[in-house]
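Trainee: With these hints in hand, go ahead and build the complete structure from the sequences.
Which chain is which? The protein sequence lines are A and B, in order. If you count by the numbering used here, then the first sequence holds residues 16 to 514, one letter each, in order. If you count by the numbering used here, then the second sequence holds residues 16 to 514, one letter each, in order.
Any given hint could be a false lead.
Any copy will do: because identical chains look the same in the list, a pair fits if it lies in one copy or spans two.
As the list claims (entries may be wrong) - Lysine to aspartate or glutamate pairs mimicking EDC-like chemistry, simulated, CA-CA at most 20 angstroms apart: (1) K238 <-> E132; (2) K238 <-> E52; (3) K354 <-> D243; (4) K238 <-> E128; (5) K83 <-> E485; (6) K63 <-> D19; (7) K163 <-> E106; (8) K238 <-> D80.
Treat the hints as calculated values from the structure; they're not laboratory data.
Number of protein chains: 2
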Amino acid sequence: MSLDELKARLSELNNVNRAAAILGWDQQTMMPPGGAEARARQLGTLSKIAHEIQTADETGRLIEDAKKEVAGMDYESDDAALVRAAEYDYEQATKLPTDLVVAIMETTTLAHEVWVEARANNDFEHFRPMLEKIFDLTHQMVECFGYKEVPYDALLDQYERGMPTREVKRLFDELKQELVPLVKAIAENQDAVDDSVLHRSYPIDKQREFGEKVVSAYGFDFKRGRQDLAVHPFCTHFSANDVRITTRFDPNWINPALFGTMHESGHGMYEQGIAQNLDNSILGSGTSLGVHESQSRMWENIVGRSRGFWGHFYPELQALFPDALNGVTVDTFYKAINKSYPSFIRVEADEVTYNLHIMVRFELEQAIMNGELAIKDLPAAWNAKFEDYLGIVPPNDAQGVLQDVHWSSGLIGYFPTYSLGNLLSVQFYDKAVQEHPEIPNEIARGKFDTLLNWLRVNIHQHGRKFTPQELVQHVTGTSIQTGPFMRYLTEKYTDIYNL
Amino acid sequence: MSLDELKARLSELNNVNRAAAILGWDQQTMMPPGGAEARARQLGTLSKIAHEIQTADETGRLIEDAKKEVAGMDYESDDAALVRAAEYDYEQATKLPTDLVVAIMETTTLAHEVWVEARANNDFEHFRPMLEKIFDLTHQMVECFGYKEVPYDALLDQYERGMPTREVKRLFDELKQELVPLVKAIAENQDAVDDSVLHRSYPIDKQREFGEKVVSAYGFDFKRGRQDLAVHPFCTHFSANDVRITTRFDPNWINPALFGTMHESGHGMYEQGIAQNLDNSILGSGTSLGVHESQSRMWENIVGRSRGFWGHFYPELQALFPDALNGVTVDTFYKAINKSYPSFIRVEADEVTYNLHIMVRFELEQAIMNGELAIKDLPAAWNAKFEDYLGIVPPNDAQGVLQDVHWSSGLIGYFPTYSLGNLLSVQFYDKAVQEHPEIPNEIARGKFDTLLNWLRVNIHQHGRKFTPQELVQHVTGTSIQTGPFMRYLTEKYTDIYNL
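Mentor: Written as structure tokens, this is what we have:
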């Protein structure tokens with residue numbers, strides 16, 4: 016049976032890719048500084064081997080034969096879905112020459128260390144040659160992939176299959192039209208919320224304790240996962256039963272670890288919820304970055320920044336941090352964690368301004384890819400766009416153009432998926448509540464089973480069986496839209512800021 | 016150039032093997048319980064890929080061509096040494112059919128879990144079928160390798176290349192003749208040493224602090240390595256610049272972490288000391304288990320259990336653990352950490368009795384391989400030998416025949432290298448002191464540079480460039496001998512026990 020042979024081959028491919036993920040996790044959480052050079056070589060070799068298995072003629076032949084075997088099967092069957100995903104992956108991968116794949120892997124592995132140094136020393140010029148090389152390799156990659164309308168389409172498609180740049184622009188234009196007046200209204204009423212209580216002394220060990228308690232209550236399973244420290248927090252998985260989340264702590268600011276842990280647990284629960292029968296296959300991952308982000312943002316924002324959630328959890332938080340929170344009411348705290356104001360760092364931005372951070376990156380990436388912006392001019396362009404969208408200019412590049420890890424990792428075309436995830440998070444949550452109106456009351460009692468189970472049944476279990484478009488259509492009956500998100504945001508912030 | 020092609024190919028092989036080492040390290044230090052099943056698959060795939068690269072016809076062809084290229088080169092050149100090592104590895108690997116390699120891997124992966132259960136439940140019968148299968152596969156492996164005199168030669172050669180069973184027997188017979196009267200003399204004077212101070216309360220965080228301080232002083236470089244917790248401590252490396260040691264803590268017994276950390280740091284400094292130009296190649300590892308163990312035992316015992324070392328470090332230890340050590344003199348502590356008495360567990364044995372533990376395993380392994388002992392009779396044979404050599408009988412199999420992980424992992428022929436390492440540790444140390452008589456005084460001042468530099472120049476930097484026999488001959492001017500070790504031991508213990 017070619018299908019069985021294909022499965023065995025793809026399982027091997029999956030194992031090599033998971034092994035590379037383990038090396039990547041170690042690199043960002045555990046590896047001593049000396050290990051970087053060898054790690055680049057090791058990841059380069061695994062990447063080359065994976066690419067060879069992925070693009071081998073034999074893989075193509077097995078897919079062609081397997082297509083005949085699954086031709087009569089239900090579209091939604093695991094086997095039919097596997098062959099569809101295999102064909103897409105094969106077509107994408109065979110467009111890239113092995114040399115380019117290895118060059119990208121080796122360059123980005125080295126670039127990560129350089130970016131860490133550059134950000135620490137606030138020195139863009141130290142990072143610039145690496146970034147130029149990365150964009151050069153990205154141009155080469157785009158030429159290999161080909162594209163329908165603009166080069167950026169080829170990049171976006173890697174992370175959000177089937178999503179055209181044009182459609183993202185349309186959604187972002189809609190968002191902008193509604194966000195700008197909302198940001199303005201909030202600015203005019205900014206004294207309504209004071210978030211100084213968040214910047215008090217929060218001992219790290221208690222932050223960890225509370226964060227792990229919350230995400231355990233959410234349903235993140237620490238028997239099938241763990242949390243570690245990372246400079247730039249992320250989630251990765253080596254199987255549905257070994258999912259690693261990471262966080263970072265600021266002893267004088269509760270937000271990064273608290274909401275960061277909730278966020279990464281949302282990614283983690285998606286991976287932990289994938290059906291066990293898909294685990295040892297290329298279908299054993301979330302279907303797209305946008306859908307992934309819908310999960311992390313739902314647990315971070317819609318649940319974790321809701322008034323109901325804190326009605327239940329605030330007394331516990333207060334008991335853990337009496338010095339910081341004695342005499343602070345739950346309403347004061349709730350408003351503080353939702354304060355909206357223009358800021359420099361994307362991962363610390365509030366729900367209202369967050370998408371403006373994404374638009375800056377989306378437009379700069381396109382300008383570079385279209386040849387309209389040189390890397391050497393990127394810091395100035397970054398600052399100009401920031402002033403334009405958020406009305407503030409970063410005091411230095413560490414808090415500006417150097418803040419995100421993505422470009423050092425070659426992740427270009429990735430940022431828009433954060434905003435798509437924000438939009439989807441509300442679409443999915445609305446649907447869950449429509450089917451289970453008791454969910455908000457359960458959250459207010461510290462119970463999350465109904466919501467998590469709905470997500471597992473409707474989204475998580477399927478892994479990559481369906482494309483993001485198919486999944487969104489299937490779950491919500493429509494495509495990605497801005498309406499539900501803007502309604503959610505307007506209602507929430509009208510209340511908080513008495514607009 | 017075939018030599019360059021060979022180098023590239025072996026570098027890839029090396030990278031895959033190092034990646035597997037990272038997965039193995041994570042498995043033993045970080046992995047949540049749920050990850051075990053997927054990890055076995057991932058390691059299986061990497062192992063299969065490494066075996067395919069190692070045994071490919073193309074590898075053999077490149078070696079043959081490269082041999083011609085290096086024919087005129089200096090024997091000690093990196094390139095000539097690389098081709099020699101590559102040829103040896105290729106010949107060894109191609110002797111084993113892939114089916115057998117896979118069968119060994121699958122069986123030992125399963126056997127490990129069964130052994131853990133058997134040891135926990137003190138149930139040898141639960142482990143017996145697995146052990147029978149492992150020895151059966153080992154017999155098949157020996158037939159594939161071939162051997163000169165006895166089947167055991169083929170096993171020993173995997174870990175200590177070129178060392179015949181006959182020679183180990185001769186060395187062990189010599190040792191036995193001198194050890195037995197020494198053990199007897201100590202037993203007659205056993206009240207001379209009381210080690211109860213070691214079994215007091217030693218808070219774990221301070222144990223860690225002291226251990227890391229000591230091995231940093233030794234020269235273990237934490238910028239190119241790290242230490243973590245493991246149930247069964249080990250050392251592994253992913254390059255000379257990323258070396259991981261592990262330890263375990265007992266809050267009521269200072270020995271396991273203190274001497275375990277010193278021990279593993281000895282292995283670690285060997286790997287960290289390998290020349291950078293050998294790092295990205297199959298020569299970038301210690302040359303044999305015996306030579307490796309000579310390093311760990313030197314730093315653990317000859318240095319770390321010496322009177323000079325504690326003259327310097329004891330006040331610091333005492334200050335860290337006032338509750339346990341107030342009023343305890345450095346002499347009392349020094350004698351306590353060197354107390355010698357028959358015991359059941361190899362890894363906890365003192366320097367005098369340790370090699371008797373090894374002889375038990377060496378003789379039992381040979382008896383099984385020669386068909387003189389059935390697996391079902393192994394526990395009884397173990398206990399009889401223990402009574403014979405150490406004068407005590409294990410109260411149960413968990414503390415007897417089931418104590419070591421090695422057999423469940425298929426590591427048969429491995430144990431003798433522990434004793435060879437003990438012998439070598441003294442031969443190397445004596446030579447270093449002969450060339451640098453100031454070393455003992457430096458140790459007494461907490462300085463280790465002269466010793467470490469001597470080891471780096473004479474041993475570490477060479478990696479696998481020379482066979483263990485070549486290296487020992489080159490460094491000491493002779494072969495492995497028992498004389499220096501017995502002189503060291505007799506002098507040390509005559510003093511401690513007033514013999």
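Trainee: Please go over all the hints and tell whether each is borne out by the structure.
Mentor: Each hint tested on the structure:
1. K238 <-> E132: between (35 angstroms within a copy, 16 angstroms between copies)
2. K238 <-> E52: between (33 angstroms within a copy, 13 angstroms between copies)
3. K354 <-> D243: neither (28 angstroms within a copy, 41 angstroms between copies)
4. K238 <-> E128: between (31 angstroms within a copy, 14 angstroms between copies)
5. K83 <-> E485: neither (23 angstroms within a copy, 60 angstroms between copies)
6. K63 <-> D19: between (24 angstroms within a copy, 19 angstroms between copies)
7. K163 <-> E106: within (16 angstroms within a copy, 53 angstroms between copies)
8. K238 <-> D80: For K238 and D80, the Cα distance exceeds 20 angstroms both inside one copy (40 angstroms) and across copies (52 angstroms).
Of the numbered hints listed earlier, those contradicted by the structure are 3, 5, 8.
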